[in-house]
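Asks: Starting from the given sequences, assemble the full structure and let the hints guide the process.
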Amino acid sequence: MMGVDDPAAAPPKVATEAGPEAATIEEGVSKNFDEDEEVARNLDWRRQITVRGVLVGIVVGFAMTIISLKLSLTTGVIPSLNICAGLLGFIGIRTGTRVLGRWLSDKYEFTKQENTVVQTLAVAQYSTAFILGFGSYYIAMDKNSWIATGSIESQASQVAEITYGNTIPFALLICFTGIFTLNALRKNFVVDLNLTYPSGTATAVMINGFFADNGRLAHQQFATFGRWFCVGFFKDFFDWFFQGDGSCGLATWPTFGMKAYDWSWSFDWSINYIGVGMLCGHSVNYSMMVGAIIGWGIMWPIFEGKAGDWYPEDAGSNLNGLLGYKVFLAIALIVGDGIYNIIKMAIISYQTYREHQQNKNKVHIEYANEADEMEMRMRHRVFMSDSFPHWVTWGGYIVCLVLGCICIPFLYEGTHWFVLLVAYLMIPFFAPANAYICGLTDWDMSSTFGKLAIFVFAIWSYTYDPNTGILAGLATCGVVLAGTSQAAVLMQDYKTGFITRSSPKAMFFAQLLGTFVGCFLSPAAFFIFYNAFDVGDPDGPYPAPYGEIYRAMAILGTEGFGALPTHCPAIMLGFFLAAWVMNLTRDLAPRFMSESKAQILQNIIPIPGVMSIPFYISASLAIDMCLGSLVNFIWKRYYTETFSDFYIAVASGLIAGDGLWSLPSAILALAGVSSPICMSFSKTAA
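Counting in my numbering, the sequence shown runs from 437 upward without gaps.
No lab work stands behind these hints, which were simulated from the structure alone. Please note: incorrect hints may appear among the correct ones.
Claimed, not checked - The calculated DSS-like cross-link candidates involving lysine-lysine, where the alpha carbons are at most 30 Å apart (straight line), are:
1. K780 / K1033
2. K695 / K671
3. K1072 / K1033
Replies: Below, the structure is given as structure tokens:
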């Protein structure tokens, strides 16, 4: 790893696009403006990490954690919430200072740097909910995932008891590795390679905008957020009165008739997923609809007719029956898409790096005015001035590695120290690759690296000891996923800090603090759901569908294709190859046809990994998401001037309102209070 250069070094000659983030100094440079004084003020990290900022960051982070958990435990689709965290951080301090007065005031004025630190702390905190795998590999260790995948007796010993007491140590052992691994490379990614990090850049542009017009736009966005937050919250509150024992409610409305409802074709009134659809691109929502049509419109009705031929009629909800086709065909698409994209991104990364190396001494930056040039110079000076000793990063990584190899085997039986050692040693190789890919595409591929780790380590552990493999594969998946994901989160936030001229030390400390707090509050939030609801039950409100998928991957790694239903391996191979064909066609189309025709073809061909999501969940999710796309299309077409400023606030409000209703809903469930009315629909005799 390369260390941070000397602060006196001149800014590197890298190309940068002119855009809204280019100038944050007002037009013209005041004669009284002292650049050195401004840089020194930006480097004072104590002005940026304040008591009020930490308090607001923790509150915002906990709210984002609840939302993230709600999404991951229902569908597994989690959009980026960075911008929402930045907006809530701004409004939280501004509003809190006015309401609470001296209790939330500070001797320093509220600046965009402090806002950036609040956002960083909140993002680091809620990111722990994802990297701890509460909706994926971690819940796959639980008894419910074992039951859902068939209650195979030979796997009964490979079930972990999930408690708050053993979750905290596991969180502390895996959540910091990525931060220490990649911190020394921040200059290489953010400055030398000038990677975009779209979410980080968009968040920085928004924060700069807050302080450019005294927060007028921010207050308008928050007002919009608040209105739609109330819509989401009170819609769920209204729906609760009709849910009865949990199997009733608006979600049971047969929108397209009872026959279609039997195959999950209905609008389930989950307006939070309309919000998710608004934040996701049209291609994502379209791909989900194609997957729903192929799965719930064609394959599953046909495969159901094969009961007694391809699989036992009494297979029920286990991997030997129809569920096996749903889960393993989704895995084939996910793995095929993941491997293809790893190879693709490796090629793109190499080509981009080569081009940068060849052109770095030929680039001459032209600035629009003196203010832009000064702004960029100050960004470089601030970002390059806060250096860290090498022992901080290397020492932190080694401590995480040693403690993980020693302690994790005591938490999860069957995980061997030498297997964990290899998993930790993989992080310095995977984390830079993932951070680079994220910088180019805004795509965090940590879950793909984690899925590959499941197969590798499950097979290895099973070979060493036939009674292990599943838990070992899932636990080591967590080590790899957490390390690679947190590295990408760190670089996203460094990009935000670079554009807002925030102290790298403040960003690093906020990242550590947010992660530390998240190691305690994210499990606490998860166990609110876990204790109040039967998380992992396929028929419950929080089925955690990816838990079954991750456990099925570990089973496939230990038992091979013999664990699959009849013809499933052959169909899986077809879907794996189909994922490659679709991706190759999308990527090669511009080489063999005109730009307009290539664009049409790329819009028609779905994204394989996204297409797999409805296979196991339901077709209703695709309907919700596509409605989000429809809202965006109509809004952008007829009200273009307001769309870009407010669509994120509307979508975030819907998601947050629905997500935070989970808290009172869980409290009511823990108190044994059920809704007074059961509204449901059923077929009636003619």
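Asks: Now tell me if each hint is right for this structure.
Replies: Right, here's what the structure says about each hint:
The straight-line distance between the Cα atoms of K780 and K1033 is roughly 23 Å, inside the 30 Å bound, and the hint therefore holds. A C-alpha spacing of about 27 Å is found between K695 and K671, which places the hinted pair at or below 30 Å, so the restraint holds. With a C-alpha separation of about 24 Å, the suggested pair K1072 and K1033 falls inside the 30 Å cut-off, and the hint holds.
In the structure shown, no violation is registered for any of the earlier numbered hints.
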